[in-house]
Amino acid sequence: MDRRKEELEKKRQKLAELRRAREERKAILESQSAQTQTSATSSGTNPNRDRRAIDDLVALVLGERTSASSTTGGSDRGSDSGSTTSSRPTSGNFGSIPSTPISQDPRLSMGSQLTAATPAPTFVAELTESHSTIADIPPLEHVVYSKEIQTSEMFEVPQMSEEDIRQQIMEELEIKERERLAQVEEEERKRAEQEKAEEQHDLTEEEKKMIVGAPEFIDFVDTSSKLVERALNEKYDFMKDYTLGVDIESDENSGKRVKYVCEFWDDRWSKNRSVTDVDWSSKYPELLVSSYNKNPMAPNDPDGVALVWNLHLLERPEFVFHSQSDVLSVKFSKFHPNYVIGGTYSGQIVLWDTRAKSLPVLKTPLSAGGHTHPVYSLEMVGTQNAHHLISASTDGFVCSWLLDMLAQPQDYLELQHPTHNKTDEVSATTIGFPDNETSLFLVGTEEGNVYQASRYDSAGSKAGINQYDTYRGHYGAVTGLNFHPLFGPVDFSDLFLTSSVDWTVKLWRAKSASKSSTQATNITPLYSFEHSDDYVYDVKWSPSHPAIFGSVDGNGQFDLWNLNVNTEEPMVSTPIGSGKALNKLAWDKEGRKTGLGCSDGRVYVYDIGEMARPKPDDWHLLQKNISEMISNQENTSK
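The letter at position 213 of the sequence shown is residue 213 when you use my numbering, and the numbering goes up by one with no holes.
Here are the computed distance ranges between Cβ atoms for each label pair:
id: 1; residue 1: Asn272; residue 2: Glu216; range: 31 to 39 Å
id: 2; residue 1: Leu621; residue 2: Ser458; range: 29 to 37 Å
id: 3; residue 1: Glu414; residue 2: Asp222; range: 42 to 50 Å
id: 4; residue 1: Tyr468; residue 2: Glu437; range: 17 to 25 Å
id: 5; residue 1: Glu286; residue 2: Lys511; range: 34 to 42 Å
id: 6; residue 1: Ala16; residue 2: Leu127; range: 36 to 44 Å
Here are the simulated DMTMM-like pairs of lysine to aspartate or glutamate, each with C-alpha atoms no more than 25 Å apart in a straight line:
id: 7; residue 1: Lys540; residue 2: Glu437
id: 8; residue 1: Lys462; residue 2: Glu379
id: 9; residue 1: Lys363; residue 2: Asp411
id: 10; residue 1: Lys589; residue 2: Glu318
id: 11; residue 1: Lys363; residue 2: Asp404
id: 12; residue 1: Lys235; residue 2: Asp266
Hint data in this document are derived by calculation from the structure and do not stem from the laboratory. Owing to the predicted nature of the structure, the values given are computational and were not obtained by experimental measurement. Glycine included, C-beta positions come from ideal geometry on N, C-alpha and C.
Model the full structure from these sequences, guided by the hints.
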């Protein structure tokens, strides 16, 4: 530090000396300039003449000095003392010396009264005037820095701890946040004042109609109201006591009764229509679709509609789909959750999409390439990557469709039988496929017979109806046909049920394709359920319990059968609604809820409760009962 101070002090002294010298030089120049101006002013003569006078005076003085030097120091100059010629001046600042003697120079008579002191000739030096500019440039200062100087003087190490620094940062952030909040509050206050200051006016009738009729407003109200209704219809017991360990509602008979869940009805779309078919969604267990025929009291409404209901939205349908013809059959696509497929009275197959509007996105043409008679039955077969829609019509044709292309069927199968009355064509009212089967299927007909058919040619048989085997047992049109679902430890997929307008439900055992007869054979049912007193319109196996199935009839009766309990009487027989005919029955995926379609346009949902849960021995018990039925059938045939 001391050394640095000494260096700085020396540099200051040096700078002071330079400034002092520069000031002295400046003062001298100013004084010389002032004298020159003064002499020029006082003489009042021509400057050129004064210049010549000065030159003559200088030459005279120089000549005197030369003569004196030649007299006193001639021996030193290496010349004789009596020499009349003078040597050259010794100063290097003079120019060339003229050859004219100083005594003969006419300029001496112009500027002075002096005469030559000596007769010896002298030479006058010719002087020139030059101007110089003095530039005061300070010397380059070399500044030397060292690490010691930088660290000791220029930078100081902070003495704050990490906690103090963190606290300081947090305080700064809090200050900024308070300022931001204050600014936001100020903006909100100004905005509120501005809105309050704006003049409010009532909407006119035209403005109200424009707002209410806007599509965006309608969609918003429709969507938001559905959400609110779903929340309001959610049934949950908030006072339920879990410490009791039992259900308060359970009693001795709870295992042998069905529970009413809800009823679907829409005043516009369900009024004066009949439910023709129902089906549950395999993707969304709360969704149920129902199809309807024409409303004769509303000629401006579509002839056919399909309504998608939601268990959490009871007052109105989730989706409404239109059709130009009565919709006689409807089904959710197993592999496309957004697709709803309908079969119509005109023979068209229509495809609706829940992501689109109410009109079909695809439909089959009204031509000979498809169906020309009512389509009463639809089935989906195959897998996710390879599946087809199978449709059957009373025109005697079974068609296979790809949902992405309904312009023409992929397969076209004509059902013919030589023993059919009046015509060879078989009028199909319903079809059924066993699980994991895409070729072999059964067909229920208007005359009451059931035929086995195949979509493709196989070994020993051709595509179409098996001409030899006939499932004969009904005395009226077959209204429903359903195969036993393939699940559980025992395979019952060869069992199927049929319902008919002859007031009966019959249980059958299907023959495999390899055991087909080579001559005409009538196959009789294993068992006939004759409890109903009216047309039985539909029958379905439970998808969760192997021995349970349900049926509906024209008296509005819902019968629940359990083959392991009783085959003479249904386990539960419940009148539904106002006693109007029940047209269709559908089980949900879990086999716990049933959807019942009524001829008055209402759809009822019932929960069968604990009956849907099978016991471990139910499969073996059913197998035993079926074996007894088979042995009784063989004994009867003998």
